[in-house]
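Enquirer: So you can see what is in the structure, the chains are spelled out below.
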Amino acid sequence: MTRPVAFIARVFRSRLSALLVAATASGLPLMIGAPAMAAGDAPERAKDPMYGWVLYNYYQGEAFDALTLLDVARERGGIGGHGAYPELVEGGLMLSYGLTREARELFTRLLEDTNSRGSYDSDNEETQVTLTSQVRTQAWFYLGKVFYLEGDYQLAYENLQRVDADVLEYSDSDLYAEWLYLKAQLAMMSGAFDRKEGITAGEETSIESLREALEQSGLWAHYLSYNVAMAEIAAGEFAVAQQNLSELIADMEDESPKDELVAEQRALLDKSRLSLARLYLRDARFDDALALLGALPLDGVFSDRALFDYAVAAAGRGQMQRALDALDALSQRTLFLPWREQVPYARGYVLEQMNQPRKALTAFTQAAEHYENRGEELVTARQALTEENLNARLSFLRDSDEIITDSYGRLRVTPVDFGLSEVLAGEPFQQALGELNELYRMQSLLMQRESQFSTFETMLETRKIQRERRSREARFELEQQQADDWVEAQESFRSDIEAALAREDAEFFMTTEQKALKTQLDKVAATLARLPDDQSIASQREKYQRMKAYFDWTLANDYGVNRWAAQKQLRELDREMEQFRDQRTVIEALMAGDEEHNELAGRLIRKAAELQVLKAQVQEALAQARRILISRLDQALEQQNTELRRYLVASRHAQARLADQLFRASQNPEVAND
Amino acid sequence: MTDSFKTLFAGVLAAMVVFTSAAVQAEAEAGQDSKAVAERVEALKKNVIRLNRDLFILEEDLLFPASTQFAVFLSVNAGEFLNLDAVKLKVDGDIVASHLYTERQVTALERGGMQRLFIGNLKTGTHEVTVFVEGMGPNNRAYKQAATLAFEKSTETTALEIRIKDRSSDYQPMVSIVEWE
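Protein chains in written order, with the working numbering: chain Z, 836 to 1509; chain X, 15 to 195.
In short, the hints are calculated from the structure, not lab data. Warning: the hint list may mix true and false statements.
[Said to hold, decoys possible] Subject to a maximum C-alpha distance of 20 Å in a straight line, what follows is the list of computed SDA-like cross-link-like pairs (lysine to any residue): (1) Z:LYS1350 - Z:GLU1285; (2) X:LYS104 - X:LYS167; (3) X:LYS60 - Z:TRP1399; (4) X:LYS60 - Z:VAL1448; (5) Z:LYS882 - X:LYS60; (6) Z:LYS882 - X:ASP180.
Whole structure, please, built from the sequences with the hints as guidance.
Expert: Written as structure tokens, this is what we have:
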């Protein structure tokens, strides 16, 4: 057996959904959150704001945003202070966002690294992931389950095999039960049932041991027992299946499940009774079948099926009126289900068995008309099959504008048209629907980003305008500074100094004080030159000569110091002018061109081109996903149509036969009396 | 006639078996198609994330160059004594950000997440930032607290963090602003 019947698939999925929803709220994030929380009960503080921001998005289920932020952080040099935990978070985010293959590689690397390193190493804290064994084992479990849900059973098996049973049982008994269940499911899928060679000894032992281990885990054990029984039926082992189903029903009848599991267990119990009743019908044990089917509620999930099987059992027992009552009750139900198409034909058949040929003829005529109409509807539906049409037949669970998905990206959807329920229950259809939704989300994101490009261009343009304005201001400032005059003055000063040095001109290097003294001495000399040569003036002239001699001596004495001071100032001026010239060169270069602007503009152009390529790829993938989805639905409708045609032919044959019989009876009164 | 009904019943069962096996085969083929699309979608998702990253960085480079960039984050430590409701942020006297929290956001903060409340540009020099935090405090009483920090904006990116912590000494929440180095 590869899969349980449709019901159990649905129930199994809803059970998983419940667990997965719970996982979204606690389990899966817990798996990722746990390492960060390993040091204590309170959440560890983010040592890098970027990591904190990633977690903020992650805990809100915003996987795409969180993954983008992690990528941004990596591009900017990574997240500091948390070792490889961000990678572990990334793995969890990848799972949530449907990047399962990437997640597998990441987890495998991280978990195997941790495994190989063994226990915590405080000397190398920064680069290591220190995961508790509980977290490690749960990570393997979730990874295995993701692959199981994706139908990649080999990878599911490999990852589930890595789970440490003792650790999982101790840390989370519910997960442990689910793990055993999944392992048993995988064991059943290992090929034994598909080959129809019966269960090999090893596999039986394996499934049996898993069943025994699941004994105390309530519903999971019952689901497994039911699936094993279905596998036995598929393998032709009807007697064993009967025995197992009887035991399962007895076990469930003896139990009082928890409040939240009552409805689910009730549904499984009803389904088990229905399956067992069908086995009884197969063996013509109509009384046993009637007893079982009579116990099923009329308003339960399987009441329609039970009513039909009840009609079959009653007919088998020869109680045609009971059979007709059951079929009449069934035909009153308006909800369309593909399997119920056999009811109109069965009504005619039962009426014929009740020896009411005229009523039977009418019933078969009505049945044929019904099948013709329904066939036409199906043809029209197939011709008008579009994605919009399909969406109109589905009801998506939404939160604002977003379609709600579970932690594994599957849509929360129920069919409005119940003719689709069996198609919708199939994993490939669910996956195709999920992929289509993901592609639409990507398309919407890309369009949103595309609309931002014009904003980016405006930003870039504004930036350029601002820059040009600043350049104009800088140019004006430079002009105001009369930079060329300054350069000229410096050059002139330099040549004067060099010339004075060459002629060892001490006067040139005089200090301000000395220059003032020289001016005063020159004034005195000029005054003395104008005065007559008398004695008092002669003494003044002598005094002047002494002062002049002293001044010249001082000047000669200070020449070295003054020259050094002037040269020092010249050097400082040179340095300042050098800096001035450099700054001016930079400013002029900046004014002349904008490399940063060009780099940003280049990035913008490249990203716009990338976006267009991605948009085209998404569009192509969308067309492919849409084609797959529609063809899948078309196949389902085609199968329904084939079934209808069979019933139409059978109804027409019965109609012809009865009309002929009634005609002959009207021609021959003896036959009519018979 | 009972036999023919049985035949019909058997036919129905056979049809179900045929239908099931045909469905299994169709499912296997469809599964291959889905797998191909799934792999394609996965590759596209990776590319979309990479493009989104590049555009995120480009947007920041354009709008908030590192020399003037100024960001404010908010974190909640424990959250036993304050159920966060709303936050208002002022920079140099102007309100630059305000936020009303959903339950999901509060939970994300309490689990160790950090919200980027604001990102903008500031000139170099001294600035003042003030935060007003509102929520339900101990004994379900409306609670409001403010914190202020004067800081020096350099030419490097500046990041501040508003920390809402539980203070066990008086069973009160405490709001502080710290600068990330």
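Enquirer: So which of the earlier hints does this model not fit?
Expert: Violated: hints 1, 3, 5.
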